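Peer 1: Sequence:
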Amino acid sequence: MKKYFLKYEIGAGMFGTELYEASTLEKAEEYARDACIDLASSYGYYQDMDYFGEMDSVANENSWDEDDQEYTDIGFLEYFAEEYDPEEHDDLL
Numbered sequence: 184m185k186k187y188f189l190k191y192e193i194g195a196g197m198f199g200t201e202l203y204e205a206s207t208l209e210k211a212e213e214y215a216r217d218a219c220i221d222l223a224s225s226y227g228y229y230q231d232m233d234y235f236g237e238m239d240s241v242a243n244e245n246s247w248d249e250d251d252q253e254y255t256d257i258g259f260l261e262y263f264a265e266e267y268d269p270e271e272h273d274d275l276l
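Convert by adding 183 to the 1-based position in the sequence shown; the result is the number in this note's numbering.
Be a bit skeptical, because a hint or two may be false.
[Said to hold, decoys possible] Distance condition first, Cα-Cα at most 25 Å in a straight line; then the derived DMTMM-like pairs of lysine to aspartate or glutamate:
1. 185 x 221
2. 186 x 201
3. 186 x 268
Since the hints were derived computationally from the structure, they do not count as laboratory data.
Values in this document were obtained by computation on a predicted structure and should not be read as measured data.
Using the sequences and the hints given, assemble the complete structure.
Peer 2: Next up, the structure:
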C-alpha cells in the first residue's frame, strides 16, 4: 500500500484534503471522487443525471427555478490524487 495525497472540491471554497492509503493510484482517485461527492452532499449539492447527463456536475437541491426549468447554483466535482510527498503536501493538510 502507498500513501496518496488527495484534494477535492466543488467550487466556491468548498474543498477537502487528506491522506489515503491505496494499492494503486486508480483506487486513490476513485476514493477522491467519492469523497468529493460526500463533500458536495454535505453542502446540499447532489447529482442529477437526468438534468446534467454526466456525473461530475452537481446542483444545490434548493436552487431549482421552476420558471426557467434550470438550476441556479451548480458546482463541478474536481478531484485528484498523487503519491504523497511530505515536503510538498504536509502544509496542505
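Peer 1: Look at each hint and say if it fits the structure.
Peer 2: Here is what the structure says about each hint:
1. 185 x 221: holds, 23 Å
2. 186 x 201: This hinted pair holds, its Cα atoms lying about 10 Å apart.
3. 186 x 268: holds, 9 Å
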